[in-house]
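K.L.:
Spelled out from the first residue to the last, the chains are:
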Amino acid sequence: MTTSYDPITVWGVIVLAGALTFAIRGSFVYLFGRIDELPPRAKSALNYVPAAVFAALVFPPLVAPAGDLSVSLGNERLVAGVLAALAAWYTERVIVTIAVGMGALWFLRFVV
Amino acid sequence: MPTLPSDFLDGVRDAAPLHLGIAPFGLVAGVAAVEQGLSIFHAIGFSSVVFAGASQLAMIELLGADAPLAIVVGTAVVVNLRMLMYSASIAPHFRDFAARSKAVSSYLLTDQAYALSIARYGRDGETDRFAYYFGVAASLWVVWQFATIAGALLGTGLPPEWGFEFAAPLVFLALLVPALKNRAAAASGLTGGVVAVAVVVAGVPFHLDIIVAAVVGVLAGLAVESFGGEL
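The listed protein sequences derive, respectively, from chains U and E.
Numbering of the first sequence is given in numbering that gives the first Met the number 0, commencing with residue 0 and proceeding in unit increments.
Numbering of the second sequence is given in numbering that gives the first Met the number 0, commencing with residue 0 and proceeding in unit increments.
In isolation and in its complexed conformation, chain U is listed as follows (with noise of 0.2 Å):
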């Protein structure tokens, strides 16, 4: 797939993206003294973001590769997915995720 956005459009993205990144990261660091600290209900939903968002991120490309749900041996994205998961799992190395999960996806493709 490739974008059908504009070069400027692509750039307005990057700069308000960025304007609000830097917002989230400078908030307390600017307001401290005025808000103390997170409340403890929304520091415990902080929390909970990585975990929800990276899921988020990682099921469909897996489980439905091309919009359907397909679970089965077949679907190579999801078996390569898996191994990577594992690697994950064991090691906590983004390289070591990545080489295992290409790896796969390569030998299901070319050798089998």
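Everything labelled a hint here was simulated from the structure, so no lab data went into it.
Heads up, some of the hints might be wrong.
To be verified - Counterexamples of contact, computed for chain U against chain E with all Cβ distances above 12 Å:
id	residue
1	S71
2	L72
3	G73
4	V111
As the list claims (entries may be wrong) - One side only, chain E facing chain U, incomplete, derived with CB under 10 Å:
id	residue
5	F45
6	M58
7	L62
8	F96
9	T109
10	W140
11	V170
12	G191
Where a beta carbon is used, it is the ideal one built from N, C-alpha and C, also for glycine.
Chain U is fixed; fit chain E onto it per the hints.
P.N.:
Only chain E this time, still in chain U's reference frame:
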């Protein structure tokens, strides 16, 4: 000539193992950008202006799928929301910084810079806080920029049948696994993943899956926490 403060060098040294970890991630961000039809300059723009890998990669994927711009930017905000926590937690240590140092420190705030610095501050009260932080965060920045550029240059030459676009979900997978550190977080991840798949399979337009899944997933985590899921 002034010598580099030793706390700065300590920061660079402590970050060195993490440089190896973010380099492949930066490569993937660069490859993904050119694969989705963006230019090398866009790839560099994402890495230098936004400087937050997971959100960059998510935005690049969404732009490639022609998702509405509000969803693209909204997803970046959701993915980066966790940084509110870092900002609140590290703010007392940055309290005495000059305005310019506060700006630089905020711009450079990442998971890795936060984790290393807060650990060092807790261990050693004598540390020059800015020098150490800058050593960690700026060295991560430099590695990230070079890795992105290398990925973007490499990406134009990669044959499509190798399926390098699959590297993006693999990076997210590598980030997901350590985030599942207790029962409530696992519930949050499982719910987020299932909801995202349901939204995609149902054919809901505008690529709303990430934002909807994030909200439902966080609520699931909070529910498990308050119903006594032990940590």
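K.L.:
Indicate, hint by hint, whether the structure satisfies it.
P.N.:
Quick rundown of the hints versus the structure:
{"no.": "1", "hint": "S71", "in the structure": "holds (15 Å)"}
{"no.": "2", "hint": "L72", "in the structure": "holds (17 Å)"}
{"no.": "3", "hint": "G73", "in the structure": "holds (16 Å)"}
{"no.": "4", "hint": "V111", "in the structure": "holds (14 Å)"}
{"no.": "5", "hint": "F45", "in the structure": "holds (6 Å)"}
{"no.": "6", "hint": "M58", "in the structure": "holds (6 Å)"}
{"no.": "7", "hint": "L62", "in the structure": "holds (5 Å)"}
{"no.": "8", "hint": "F96", "in the structure": "holds (8 Å)"}
{"no.": "9", "hint": "T109", "in the structure": "holds (9 Å)"}
{"no.": "10", "hint": "W140", "in the structure": "violated (13 Å)"}
{"no.": "11", "hint": "V170", "in the structure": "holds (6 Å)"}
{"no.": "12", "hint": "G191", "in the structure": "holds (3 Å)"}
Checked against the numbered hints above, the structure violates only hint 10.
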